[in-house]
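This is what each chain is made of:
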Amino acid sequence: MASIDAVAAPARGAWAGGWYRFSRNRAAVAGLGIILLLSALALFAPWLDRGGPTVQHLDAPLQGPSWRFWLGTDQLGRDEYSRLLHGARVSLAVGFFTQAVALALGMAVGLVAGLGGRKTDALLMRATDVAYAFPDLLMIILLISIFGASVSMLVLAIGLVSWTTIARLVRAQVLALREEEFVLAARALGASDWRIARHHLVPNLLGPVIVAATFGVPSAIFAEAALAFIGLGLPPPAPSWGRLVTDSFSTMQVAPYLAVSSCMAIALTMMSFSSVGDGLRDALDPRTRDRRLLPQAQPEHASHTEPAAERKAA
Amino acid sequence: MRLSITWLRPLALAMALAAVTAGLACGGGSDGSVTNELSPNQELRVRIAGDPSTLDPQLAAFAEEISIVKQLYRGLFTYDQNLNVLPAVAAEVPTIENGGIAADGLTYTINLRPDATWSDGVPVTANDFVYAFQRLFDPAAGAQGYYFDFYTSISGAAEFAYDEGGSADGVGVTAIDDDTLQITLAEPKPTLPELLALWPAVPLRQDVIEAHPDDWTAPSNFVGDGPFVLAGYAEGDQITLEANASYWGGDEPTLQTLVYKIIPDDSAALVAYQNDEIDMTSIPAPDASRFEGDAEQVRFPQLETYAIQYNTQEAPFDDPTVRQAISRAIDRDAYVSVVRGGVGTPTTSWLPANMPGGDPSAGQGLGYDPEAARTLLTDAGFPDGDGFPTFTMTIVDDETNRTTAEFLQEQLRVNLGIDMQIETLDESAFYDRYQVGDFQVTWSSWFADYADPDNWLPQQFGTEGGFNVLGYSNPQVDELFAQAATEQDREERLALYDRAHKLILKDQAVTPVFHPDTNYLVKANVAGLATTALDAAPGDWFTTNVRILQMGDSVPPASKP
Amino acid sequence: MAAYVFQRLLWTVPVLLAVAAITFALMHAVPGGPWDRSKQLPPQAVENVDHAYGLDRPLPVQFGDYLLGLARGDLGVSFRSHNRPVSDILADGIRVSGTLGLLALALSVVVGVTLGVAAALWRNSAIDYATVVFSTAAASVPSFIFGMLLLVLFTANLHWLPSGGWGTPEQAIMPVLALSALPAAYIARVTRASMLDVLDQDYVRTARAKGLRENVVVLRHMLRNALIPVLTIVGPLAAMLVTGSFIVEELFAIPGVGRTFVTSVSSRDYGVIMGTTLFYTFVVVVANLAVDVLYAIVNPRIRYDSYG
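Chains as they are written, first to last, in my numbering: chain S, 1223 to 1536; chain D, 136 to 696; chain F, 5 to 312.
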């Protein structure tokens, strides 16, 4: 079986080269650094906060930034800095796990459709059409209304409306890769569909998929904010960035600093993920690697990722 | 029936005060630029938060609907500024003395003003009321609404509405002649004149409704008998009312136009007010401190009580001691000042003090006292909150409710060491569960339909009460309610309710926290605004009093045409 | 090509049916009904009103009835808006949201493409960095915050613009700005990236080598190719914009279909939920088809055979 693994080499080479190209992109590396930093802040929030995110100082509501409260306090006198830190946990979790759900679903559907027979393919792709056409916002509102608002429900709901793009992307890649020499070779050597998928297809199509997911993370964080504004946010008192920015809305004329700090947090995250996404695309996506082929037609599986996800946010 | 009038005296006093305060606030513009001259442009622009679901007076139930419908119709009676019942289409208020009410209290004979007319010039007759009441109890029309059951003491009404073999002709409202209406009751209803002054009991035009069954409330088809007529309705944008040229009531409005601007968002409405696009708007709680004491602020108490409500059937809240401990653990002063921006009155009483039968000292033995709260919780078997199960407060997801729940959560954690979770639902999902008592703890309010404990206690706290979602049952309280229902002497009746009220508070069937104030900004040139505690929007019972004054030299902020 | 388009259009019917069925099932699975409001309707009234609207019938019967109505073009009536026909509500809302959305789309394309092209041509210049900052800021400030900022500035303080409503050009300015910020940022990013890709393509170098003037090169050769990826995202963006934005419409008191949609869900106004959902679905499907067709027109290398 060693011979089968040997022909998988192109993919590994692409990864190593990808990392090299990525590391040369200063903006992307900076973005990655910020994401790692934010993740660390989120992870260690309980040790880094100042007094806890839900402790109320009823004697000091809506205070501006000061030495005691670095970023000021909200209506109940809670320390905005601590709430932002803890909000990062919720929002980043929503962002990451949402994309994990979307990736898992999208990869599964895309792989099965790409590798399966004509009938399976047609069936799955028509189902994908329906899911794509179904209004995202409605699906999320209905699911949350039925099952109640919680982090896991939110992740599931947003994930459930975000997988279609990835499924189409994966299917198209599989269809293209299926005819590549190394896959044909593996098949000739008697590898099963599953083995081919695992060893040859997945490593090769992971690049574009990860790029799509990277852009999806801030969209999910944004969607959470929009849902909070509509009244379908996570239950209090756990702070999320969406909740903080929504709460800052009604106090904007009284305490504008609350809007500033929560928007800054979201902006920083957004910017980091965008630059990492751009960097990854340049580094991993074979289409941009080989510029001679640009611009490439992707009618059915064009990169709808961001607008499709942002439809929720709008 | 002098009773019905004197009932409202104490309330009236408070209302008169509120009216005076409002008048003062409006009179003295901040820049002193308002003159005493009437403005040539007699237009009042009011903000409403959303489209009314209906303009059918028999179905209207929510603030924006009631506010508009009140301007479009006049019923048999109306209120004066002290909420005394006055005749409107009726020639006089019937009493036993003037022969309008039979000695057994079951038959009302009401003479109508011969000069009352509809906006198309047709006289208002007794038959318009007969039709309206038959429609009110019709399962295909009025009996789909919220208020028909206020009037089911009318004979034949319940049978028709509840589909128990009744019919439109069986409803005990008949026209003796064009100007004489007779109402027959199945059981005495001392509050009937008050109820007949409310919007669901107005006359309706059979010919108009039958000609346009689906859109008789459209501006093109509308015919009313109130001081204003419906002139235009742009969905989602604004509703325009104009003075009714053939109005007959003696309180002809000075205003020529009433505009209801639909602005969904509270903060955006405040901006619209600041830009002089609307003449009045409510002040959102976070902005309250900015406008406290502002010359344009109009603030007066409402007959409304916010309370923590429990499912008293299930542990641990089946134990009154636990509920008492919670009551003693809530710092109501801090609540009102922080969450409500200082707008409202902290309370331990379910009945507002300014209501008949209200008592400011009620429940004060269970006010904020963390020490005592911990002792009570220990008595209940949970020293320092140990062993107290984590429980859930279920609320409608809006910002004030969320902040409230977070506040209460922290109070209970700090003062009692118990852990409350918060569950947020949208309105429909919440009330779906609330109505069947499917919650542990919740946060809700009761707002007066009319100012009497009759509207505040038996339905909420009686074992068989229609709105008793608490599962609360106290035989002593039930007994007092039964006595009060048949008690003819007012003082005695209120005393019975007072005893029941205090038992309920001792049990802490609910934990009252505060009575809200209506807190509005009203432009300095709006004069004559008279508010009552029953207003859906400030002054909406007396829109006919309102006049727009000419502004002086100083020009108001530029507004776009 | 025509056969392909026809096939795609035909396929819209089963998609709409599937979406209708899913929506119908889910919306009835949501707890609470249209009469569960802050005031409690007497139980008898609930029975009467359920009967009046046929809500007391089994769900499959209601759904079948809805489909029959749909086939006749009857979308039912709203429970919450004095029995207005859903088709009227939709027609009014679409007119408003459509106008707002197309204005926002036009603005975001103009701003986005201009910024994107400028940023790519003068790479690493101040313009480039400004574009990055703009697109990050516009993409990360939620529209309700941006909208409120505009309101506080231009209405509450400067008194230049009306706070909301719909009908005059002044009333359109702030909502169009608030709505187009995010798509403009997105278009700017995509344009910049694809312009950079095109910049060092052979045909661009060739054109330059032939001595063509720079603006001719930019316009005729680069932009035409660079805008193809932009075209793909404009389709979904258009669908998103013309179907209305709840947040912008809510904030600026605009009677559009986005507001109707979200409030219908929270008020369980079943007929309106179904109507708006089907409308949304239709717009998404058509927008995608339009993009694919346009794509084929600008890029002759693409050929459509059959669908599936």
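Don't read these hints as lab results, they were simulated from the structure. Do not rely on the hints blindly, as some may be mistaken.
Said to hold, decoys possible - Derived, one-sided and incomplete: chain D residues facing chain S with beta-carbon distance under 8 angstroms: (1) 421; (2) 502; (3) 503; (4) 504; (5) 505; (6) 538; (7) 541; (8) 557; (9) 558.
Unchecked claim - Using C-beta positions, here's what the derived DEER-type ranges look like: (10) S:1251 with F:171: 32 to 40 angstroms; (11) S:1251 with F:106: 51 to 59 angstroms; (12) D:549 with F:126: 57 to 65 angstroms; (13) D:477 with S:1370: 29 to 37 angstroms; (14) F:213 with S:1402: 42 to 50 angstroms; (15) D:366 with F:173: 48 to 56 angstroms; (16) F:298 with S:1252: 31 to 39 angstroms; (17) F:162 with D:494: 49 to 57 angstroms; (18) F:60 with D:303: 46 to 54 angstroms; (19) D:174 with S:1270: 23 to 31 angstroms; (20) D:184 with F:171: 45 to 53 angstroms; (21) D:513 with F:42: 31 to 39 angstroms.
Here the structure is a predicted model, which means the values were calculated and not measured. Note that beta-carbon positions come from the ideal geometry of N, C-alpha and C, so glycine has one too.
Quick rundown of the hints versus the structure:
1. 421: holds, 5 angstroms
2. 502: Hint on residue 502 (chain D): violated, closest Cβ of chain S at ~17 angstroms, above 8 angstroms.
3. 503: violated, 13 angstroms
4. 504: violated, 17 angstroms
5. 505: Constraint on residue 505 (chain D) not satisfied, violated at 13 angstroms.
6. 538: holds, 6 angstroms
7. 541: holds, 5 angstroms
8. 557: Nearest chain S Cβ about 5 angstroms off; hint holds.
9. 558: Holds, about 6 angstroms.
10. S:1251 with F:171: 32 to 40 angstroms: At 51 angstroms between Cβs, range violated.
11. S:1251 with F:106: 51 to 59 angstroms: Because 40 angstroms falls outside the window, the suggested range is violated.
12. D:549 with F:126: 57 to 65 angstroms: Holds, at about 59 angstroms.
13. D:477 with S:1370: 29 to 37 angstroms: About 34 angstroms separates the Cβ atoms of residue 477 (chain D) and residue 1370 (chain S), which means 29 to 37 angstroms holds.
14. F:213 with S:1402: 42 to 50 angstroms: violated, 35 angstroms
15. D:366 with F:173: 48 to 56 angstroms: Since residue 366 (chain D) and residue 173 (chain F) have Cβ atoms about 26 angstroms apart, the given range 48 to 56 angstroms is violated.
16. F:298 with S:1252: 31 to 39 angstroms: Taking Cβ atoms as reference, residue 298 (chain F) and residue 1252 (chain S) lie about 37 angstroms apart, which means the hint holds.
17. F:162 with D:494: 49 to 57 angstroms: holds, 52 angstroms
18. F:60 with D:303: 46 to 54 angstroms: violated, 22 angstroms
19. D:174 with S:1270: 23 to 31 angstroms: Because 60 angstroms falls outside the window, the suggested range is violated.
20. D:184 with F:171: 45 to 53 angstroms: violated, 20 angstroms
21. D:513 with F:42: 31 to 39 angstroms: Between residue 513 (chain D) and residue 42 (chain F), where Cβ atoms are some 37 angstroms apart, the hint holds.
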